[in-house]
Structures are given as structure tokens and as C-alpha cells.
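Once you have looked at the hints, place chains B, C and D on chain A.
Here are the chains, one letter per residue:
Protein chains: 4
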Amino acid sequence: MVSVGVIGYGYWGPNLVRNFQESGVARVTAVSDLSQGRLDLVRGRYPTIMTTPDHAALITRPDVDAVAIATPVGTHYDLALSALRAGKHVFVEKPLTQTAEQSRRLIDEAERRGLILMVDHTFIYTGAVRKIKALVDAGDLGEIYYYDSERVNLGLFQPDVNVIWDLAVHDLAIMGFIFTEQPVAVSATGIGHVPGKPANVAYLTLYFDRPMIAHINVNWLSPVKLRRTLIGGSRRMVVYDDLEPSEKIKIYDKGIELSNGKPRGESELERVYETLIGYRSGDMHAPKLDGTEALRREVLHFVDCIRQGARPESGGEAGLAVVTILEAATRSMDARGAPVELP
Amino acid sequence: MVSVGVIGYGYWGPNLVRNFQESGVARVTAVSDLSQGRLDLVRGRYPTIMTTPDHAALITRPDVDAVAIATPVGTHYDLALSALRAGKHVFVEKPLTQTAEQSRRLIDEAERRGLILMVDHTFIYTGAVRKIKALVDAGDLGEIYYYDSERVNLGLFQPDVNVIWDLAVHDLAIMGFIFTEQPVAVSATGIGHVPGKPANVAYLTLYFDRPMIAHINVNWLSPVKLRRTLIGGSRRMVVYDDLEPSEKIKIYDKGIELSNGKPRGESELERVYETLIGYRSGDMHAPKLDGTEALRREVLHFVDCIRQGARPESGGEAGLAVVTILEAATRSMDARGAPVELP
Amino acid sequence: MVSVGVIGYGYWGPNLVRNFQESGVARVTAVSDLSQGRLDLVRGRYPTIMTTPDHAALITRPDVDAVAIATPVGTHYDLALSALRAGKHVFVEKPLTQTAEQSRRLIDEAERRGLILMVDHTFIYTGAVRKIKALVDAGDLGEIYYYDSERVNLGLFQPDVNVIWDLAVHDLAIMGFIFTEQPVAVSATGIGHVPGKPANVAYLTLYFDRPMIAHINVNWLSPVKLRRTLIGGSRRMVVYDDLEPSEKIKIYDKGIELSNGKPRGESELERVYETLIGYRSGDMHAPKLDGTEALRREVLHFVDCIRQGARPESGGEAGLAVVTILEAATRSMDARGAPVELP
Amino acid sequence: MVSVGVIGYGYWGPNLVRNFQESGVARVTAVSDLSQGRLDLVRGRYPTIMTTPDHAALITRPDVDAVAIATPVGTHYDLALSALRAGKHVFVEKPLTQTAEQSRRLIDEAERRGLILMVDHTFIYTGAVRKIKALVDAGDLGEIYYYDSERVNLGLFQPDVNVIWDLAVHDLAIMGFIFTEQPVAVSATGIGHVPGKPANVAYLTLYFDRPMIAHINVNWLSPVKLRRTLIGGSRRMVVYDDLEPSEKIKIYDKGIELSNGKPRGESELERVYETLIGYRSGDMHAPKLDGTEALRREVLHFVDCIRQGARPESGGEAGLAVVTILEAATRSMDARGAPVELP
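Residue numbers (our numbering), protein chains in the order written: chain A, 803 to 1145; chain B, 803 to 1145; chain C, 803 to 1145; chain D, 803 to 1145.
Pulled out of the complex, with its shape left as it was, chain A reads as follows (with noise of 0.2 Å):
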């Protein structure tokens, strides 16, 4: 049994602590938070639960064998890196931090004392996502020409933090877990309503070494919710739904065939009519996916990571790669889409 303490009971602790707790391999130690009532609620709930209102606390008792952080972002890394100087192995919510920089010295700080780093890029871990890998490495899909997202709904807005870094930072996580290339360039739109408050309508095109794009886009202030990624690729195209109760991810045979072809005219006019795209239109497939809540798949990892010693499928480098295109994507927001490079 790994003896966890988690740091913040807010929104998304609670799912924390119950997967910890129905793991089988952990066992939530302490809960930490600075609202009474929310520690009340985990007495409430999990009697056998130490409770504080000091994270501080949390992190140096010595019965704690990791740390879960589920704060706000601008306190993860001082939260992390005080875990980590404990000598306890760390989980962080996404995104990692608030600076490529403050992430490298985690991973640093991580790689030195042979501890466990891991971000909760809870996305990677569904069992869609990690269909449509399966389908990108076998090549299913082809070559892919476009990944593009649409994350919309109304709220909930975040005082420190802008749409992008609250709701782009899902889709940044699945193209990184599913595609090798790196982006080498972002361009980045947006525009706040809220006197004094970040953006909370963002656009952002991510451009590769190659004839593909990524685009996402995210709004907290949406009528309607909805969660729906198009994939392109040259043999298949891939739309995931992750609002759809059972078919989550539908593959469709389609796309277009190129074929060489002579203008069939001598005017202007006639010439515009020739074409040498065909259009493939085959059966459409929605595979059954496995079904487990992505935060046990996950808590089951982080588990075996630090019995192994292995390296997590989200570990500090992935979530680094993450912050990195956040920070690039908010300078290019600031210049209305100009476009910045990334290392």
C-alpha cells in the first residue's frame, strides 16, 4: 500500500482521494485543504482520514509516501517542489506549473532524488484516447493532416488562469501522448469579457514541420456544451465525442484520392472545372472501448511507476512540453496571433 496525502479538496480532490482510496494498491493518509467546511466533508465521508489545514504538515509527516496536488495552478510548484524536497513522490493536477521554467526544475528536482513525477493528464488515460493512439501507431489513420478541438461550455470561470491554460491544456496532453511530431510554431487569438479577468474565448493553431495543423478551440462562455475533436488523416479520419454516452469514438473510411489529370480545356473558364481530387466514402466504425474511469487507470500508474521506478506516461517532461506551448500560445494571444516559435 502507498500512503498518499492530497493537497486540495475542491473540485477535483474529491475524485482523488476516492480513486486513491478504491485502488486496492493506496490509501489516502491526510487530506489537506484551507476551507473548514471542505475538511468536514472528508471527515464526513472517510472517517479514517487525517484532516489539516496545514499542507505544510501534509507533506513533512513521515507516514505519507506521495503527495496529490490539486490546487490552484499558481501554487503547484511550490506545493510540488517542497513534496519532492520531503523525499515524497508528487502527482500534480495539469497544468504543471505556471513557467516552462518552474517545471524543468521540478523534473530536476525529481530526477535527482530518484522520486516519482507525475501530472494528471487525465485525458491520455481514457480508454477513447487511448483507442485512437492505438489506431495513429498502426497507422490506421495514415498520415495525419489536422487535429482539431472544440471545448465549449458556460463556467466555470478561473480567476488566475486563462481558458487556454484551463481547457486547451487537454487537447495539448492527448497530441502529445498520441502523436511523435512536436509542433514547431503556435498562433494563438482570444479575447476576455470580464473587466480585469484573463481570456475566456481563445483560438489557437498549433503548425508542424509537415502539411499538418492542430487547431483548438475553447470557451467558458458557450450556451451549449461541447467536447468534439475531428482527426484527418490520409487513410481514416477519427471524431471523438467524449459527450457521447457510448460511442465515443467514431472511425470513418473517408477521404480523397489524388489522381493525375490534363486540363480539359484551352480558356480560362473550361480549365477551372478540371479536377484531380476523388472523394472516398467507405462505413463508418465505432469501436467498443474499455470503459474504466481514467483517474483509477491512472492512480493504478502512478502506483506502479514508484514500485517500479518506472516513467509515467505523464510524467514531468510531458507536462513541461505542455507548459511550454501554454506560455508560447498566451504571447502570441497578447499579439493578436502572431505567431511564436517553440524550441
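It cannot be assumed that every hint is accurate.
If several chains are the same, the list does not tell them apart, and a pair holds so long as it fits within one copy or across any two.
[What the hints assert, rightly or not] Derived lysine-lysine pairs resembling DSS-like cross-links, with alpha carbons at most 27 Å apart:
(1) K1027 to K999
(2) K935 to K1027
(3) K933 to K999
(4) K999 to K935
Think of the hints as simulated: they come from the structure by calculation, not from any bench.
Using the frame of chain A, we list chains B, C and D on its own:
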């Protein structure tokens, strides 16, 4: 009866001929097309219409009052100019011309000769868009926060224009019609997947002089067809789905309520929980829409303008405004999303 | 070229005329209708077609090889009989006649004269239904457990037949086509809401000689339009939604697995937890369908049968089978769902 | 605080326990279940709740004020009777009992002892159904024409009751709540596909003393899950889709308008074109619904009735009315849909 000559009987021409014929206020006298097969089709359907491969002959016929042009965009300027010079009223497929300069010249020519110049911005004549305009004009949506549109499908790749000129043009026409604000800058990104052909996936952001943003996602290489526009306002929000058979417009009484709040804590951790944003979620309403075919309403309007000497709702100036943005968007796309100011 | 005379140019007649004209193997020589306005419409669209208010004159024209009847069902028998007696092949709208006895007489007349008698069971010529038949024939669905169909919409109330004769007829035709089993009894219930008019809401259950059931829900007074059929089999299940633009058929690899089990408890309370039924949930598959217009395929088949002297897929016998069930269903409906045996 | 003992911790029991615990007005003192594994689960989640395999012991505990029964229907009567005789208020899962006679005895027993007997007709406590009742009560739908419901999914086959007792019971409870009319006869058809097990596909029609009909389609062997009810009225019509995340109820301003007309022709053929029915199609409206969990509202109501000695909205009489129809429907099903009169 206004007598109309139609140039081009490809994809859209048949709709023009049918609507002019059934309008009750106009009749089609002649149709020209470079393809003999298309002309045979016209004669089979309408034995009384004269057909010719020679558009110049059609334009100069004395029994033709107005010329409707449904050919590739590269030919619009020359054909429209010839028709105006021959003293004919002109109805041109969208987009009006390939360059803003060409649009300006057509406007001048029509003005000088007292002729009607109208561009076929079909969507502004739909019951759906007219309802949205009525909502905006009445202040029912409040202050507009964003316009976010998605027009994706498989095909039809066009050889001479990129996907923005084919699909985003609809949204630019709609925005020009329903909003009084003009965009001040545009940022566009995109990519092509067929060597030597223009971009088939593109994203366009429009900036305004106040906290309002517009975004358009267009794609010829999508496995599914989507035509969905979100319009967010301070009072209400609209979802416009043109593929819905009956409820194309849904009006949501949803939004955010801003209120003054005080930081509830001393420490950084506690303050981040504070929020001054409330969410309002009320009824949804789908108004019954006028189901008249848009092109029928448009054709009647064109004839009306000819008779009254009135200014069309989609006259040359509207066409110019759209082409101006399209030109700027193409420049931004070439610069990976760097913003381009609009005049 | 088979020369066709069409009687009735109301709701469906225009589709018949268009498809015969564009078939390449037939042409429409004459159209009759009691309304002068409808005949004017024909002449406007097809100047070469002779029109007449006198169907008897049309039937006896020597230049007419076949007669297509698209009039209210109450007139089918007389018109078809006249046409057969005049030596014409006959194509009749569904349902074939008002009574089974009438259908039998038409079959005899056609048989005696060596003429083709075909009923317009349009749906069996759709790509969707033909795909379902192929699945059933190949055993892909396994043993059929049920057929459950819903056809509801607002209007069009018919004055002379109840909603079963208008809408359920489609399902009866489809079932006759895809299943080899014949129903042995029918139970129907329904109600009318317009005084003096036939039932506009009705439900029909068909029994078979093995554990299979069919159910049809038809309604002219629904706020929404639905066309949805579930077909449950022991190996796979199908959802057929005719309103889906592209994926009309979805094949689910789902079902139950029966296994032997032992009661696990002594008491009554414990035994009820025991179950021998397992659930299987696999992939979903939406095959690409042949998109040929059903009526085009049907018209070509009719001409083919005339030329080859072949038996139509929807010949008189198929029409008789459907009318036999409709008659029995109406009797059951009058007896509030009391079952009526089928011959 | 009302002290509650819960019998049965299978599928539904956990929801009862959670809602009583979080109600603020009741607490669960004891839980009994025949499975030791289920009791372990209770103790893991709620260390303070006493668990026992012996329901008789639970019933007689002096510190138990009320007993909630979430066991298979075959056991409801004996358990409820024991509890009432022990002086406890009783809350029973739907359906109340296996026979109307049993329900009557429970009602008498509760009456005699002045105890609350309530059946868990969960749906009548949802925001959606309460909104529909408000619309019906206010006359917004006009005269009710039909109620048409579909509840289909894959599983969970129940060994002791047919699918009507499991799923149609919801609709019977809803109808009893929202309509003032009582059905006068029922016709039901159905079939089972597992040898020795009750029907898993069934259809039920209810007749009323005026032109109103109700129909319920239930199926445990459907590849897709549907929960959809149409309610047609003379003024408005409602679509209630319980699987919609936010717009569960849509109110359509649609219907028919009857007017006097005269036959417009002499011949039989012409008269059939005549119609006296007009169609009205107006706006659609989706009201915001109260999102309180139904079971929470229900549990609060149960406690309230205990305290006030009030009559529950789903008391014994409501349970009896439902069971009476279920019994009659089962008889009709055995007679292939022959109608059975209701008392």
C-alpha cells in the same frame, strides 16, 4: 417581367434558373455555359430557354435586362464588367470578385450607369439569419461577445480559391448583415494537403474595436458535415445549426452575472477560490422560422431593386466588404496568423 | 423505351413522372389528373407530355404500354383493373388495394393476361433496406427476436384511410421483403381525434410461430418526425433511422449470452439475485449504403420485369400480403386490440 | 431526525442510503442485505451504520422509525407488512407489491395504524415530470390526445418480473400523477426470448373514456437506450427525453386546426382531395427545470409526511393503481392483446 440571362449552369446555376423561372416576376431568356452537356440539360428541362456556349453573345442580347453570373470567381470581374457596360443589371455569385480593387470598379461602373449590382450572399436571405438580425437589432442578445462558426465537410475542393473564399465567405456576409460593427483586424491560419492546391483547412479570427471576437473554422476535409454558429451576447446566446431540419435557431437565456466581491482570505491559496462571476441558466426557445427558400426571396428582392431603383441588401458594397476581409485573411494566412489591419 | 401513362399528379405522381422520364428506359406519354391546375403544372415542366382530365382516355391509348397509378387508395382497384383489361402493365401506389379480395382479383387478371402487376413498396428499393435484407440473409443478425418501428410526424391526415394504411404499410412491406417468416396473428390498437375521421394514432403488434414479435407505432399527430426501426437478433442488432443523412443503418454487436447457472441460495430472497443472462457489448458498424434513389431503382426494375417477363420484387402477391395484414389490423383495432388470426 | 433502516443494498439501495444520509432530516441506522459482500461495502462507506444479514432484526429495532425496502418485488409484501406491524413507517421500491390484493392489505394496515406507506415512484419527483404536471394542470396542453412512451435498453433482465413490471411501471406512475383521468381498459402484447423467463419485450395500450390513448414500449433487449415520451394535446405537444442532459422537456406549439369544409368535387376521386384539417406549427420552448435529485426531493417528502401525518404524493393508493394496471396488462399479454377492463 424582368428578362434574365444566366451565365454558368454548373453547381449553382440550375438553382438560379429555377428560382428566376418560378418567381412570377422574371423569366430566364438565355443560358450560356462552356459545356455542351450542361446546355443540353437546360434544353431538356426548359425547351423555351435559348442556350449558347458564347457568354458574350448572351450579354449583348437586347432582350436581356439582367445578367446572373454563376461561374468560378476568377471570371466574375470580367463578366460583370462586360454586362454592366452592356447596360445590364448584374447578379453575381459570392464572392463578388477576386480582389477588393475589382469590387470597387464594379461598384463605380454600376453607380455611373444607374444599374443594380447585387452579390449572391444567399444566407442573409434565409429565415434563420433574418431572425438572428431581428434579435440583434431588438437588443435581445444584449452586447455581442463573440461569433463562432464552423463549416466543415468532405469536398468540394476548389482549384482556384482556398477554403476561406468558398466557405468563410458565408459567415463574413452574415456578420456584415447582422452586426453594425466592422472588424478592424484579421488573423488567419490554414494549410493545404494537396500539393499545388490552395488551403483546404483554415481558421480565421476577426478583431473589433471593443471586447468582441469572431472566429470561423472551415474545412473541406472533414469526415462529417457541420454548419454550426454560436453567438454569445451579454443577455442571451444563440446556437444556429443550419443542418437542423426544423429548429435551426435556439436562443438560450444563459450567461454570466458579474458582481462585486471581496477577497475572502489572506493567503494566496484562499484568494484563488474567490469569484465574482455568477452563472445564469434559463429557458431555451426555438422560434418558428419563415421557411421561404432563400434564393426565392433573394431573386424577388433583386427584381424589386431593379424596378424601384433601390439599394440591394447585398449590393456591391456588401460584396466589397467581404472581399476586403478575404484578401486580408489570405495575407495573414501566408504569415502564419500574423494579424492584418483592415481599412 | 417503355411508354408510361401516369394517373394522378398529386403528392407522389411528380416523383413517378420524373423518375420514369430520367430512367433512360421509359418515357411518360400521358398524365391524367382531375385538377386542371395540376395538369398545367405538368405541361409547364414537360411540354412534350400529353395531359388529360380523363383517366379512361389515358388507359386506352394505344401508345401507352404501362399505367402508373398514384391516386387515393379507394380508386386503385378500378383503375388497375381497367388498365389490365386494356392490356397494360400496371404500377400501383401502396397499398395495392382496399381489400385483400381486390388484390387477389388484380393478381388473377394480370396472371391471365401475362401482364406485370407491381406495387410501389418504395422502401424495399432503398439502399438501407436492401442492406438489412443482405444482413438477415447472410445470418449476420442470427435468429430474429423483434422488429420495432416508429413512424410519427405531424400530418398529413388522410380522409379515407387510417394511419395504419398510410404509414404502417411501409413496415409491412419491409418485413415481407427481409424476413422469410410470415406473421400468424395481429393485434392493433388506435384512436382518432377528428370526429368522423379514421384513427390518426395507432399501434400494431404482429405474432409469429416462434419467439419473434413485430411492433409498429404510427402517428399523424406527433410534434416531431421520427422514422426509426430497431431489429433485434441473437447475434447482432440493427438501428435503422431513415432520417439520418448518412448513417441510416447502425449494426451493433450486442446481445445476451445465456449460460447455465445454479441457484446460489436457499431462501427466496437470495435466489432472485441469481441470473443466467450475460450481456455482450461490442463494436458498432455503419456500412456505406448505395445512395441510388429508391424510386429510380424501382422504375428500372419495373421496366426490366416488363422486358423479361420476370416477377417483380414487389409484385401483386407482396401487395396482397400487406393488404391482408392491414385488413386484419383494422378489425383488431375495432375490437380494442383483440388478436386476429392471419391466414 | 427520522431514523431509517434500509433492507436491500443491491442496485438501488445505495441511492436510498446516500439520500437519507445527506437529507439533513433523517439518518440511516441499519442496513440489511443477504450478501456479506454488500454489507462490507456499506461498512466501508458508512462506518457508523449497523449492518445485518437479518432483515427481521432490523425491522424490530426500537431505534428504527421507518423502513425502506429495496428488494425484489416478490418480497415487498411480506417485508412491508412486517414493518407496518412493528409500527414502522414504510418506503417501498416500485412496484409496491406483486398483486393489487397485497397493495390493498398494506394500505389497510398502514391506515389502521396511522403509519405512512409510500412507494418509490421516483420519476414523479423529477423536475421534468413536475413541470409537465404544471403544464397539464394549467391547461397549457389543452385536451390530452395521447401519451406515448418508449423505455428500451440492453438489460437488466429480471428473473421474477416481466419488463412491464420493471419499466412500464414508471410511465404508469407518471400518468397517475399528471392526468386526472383513469384508464378504463388495457391491452398488452409481449414476448420473451429466454426460455423459462418472463417477457423482455412488451407493448401496452391504455384506453380512456374519451378520445385519449396511452402507449408504452418497453424492451430489455435493445441495442440503444431510449427514454422518450410524447404527449399530444389539442393546444400544445411535449417531447420529454430523460436522456437529454439539459433540455429534457420541449414544448411544441404545434397541432391541427379543424374547420368546416365542403366537398369540392362530384366524383369520388375528387372528393378525397378535400380536407378539413389545417396544421399549426409554431415555436418550441424548453423550460429550465429544477435540477434537484428526484430521490432527494422524495426522501424529504417522506420525512415530511411522517412529521405532518400527511398523505404522500406517491402513497399506497398510487401504488395500488399502478399494480392494478400491471396485473391487468399481464393478463392481456397472456391473451395476445385481448383487452382487459380496469375497475
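Structure-based check of all given hints:
no.: 1; hint: K1027 to K999; result: within (22 Å within a copy, 35 Å between copies)
no.: 2; hint: K935 to K1027; result: both (25 Å within a copy, 24 Å between copies)
no.: 3; hint: K933 to K999; result: neither (37 Å within a copy, 33 Å between copies)
no.: 4; hint: K999 to K935; result: neither (36 Å within a copy, 30 Å between copies)
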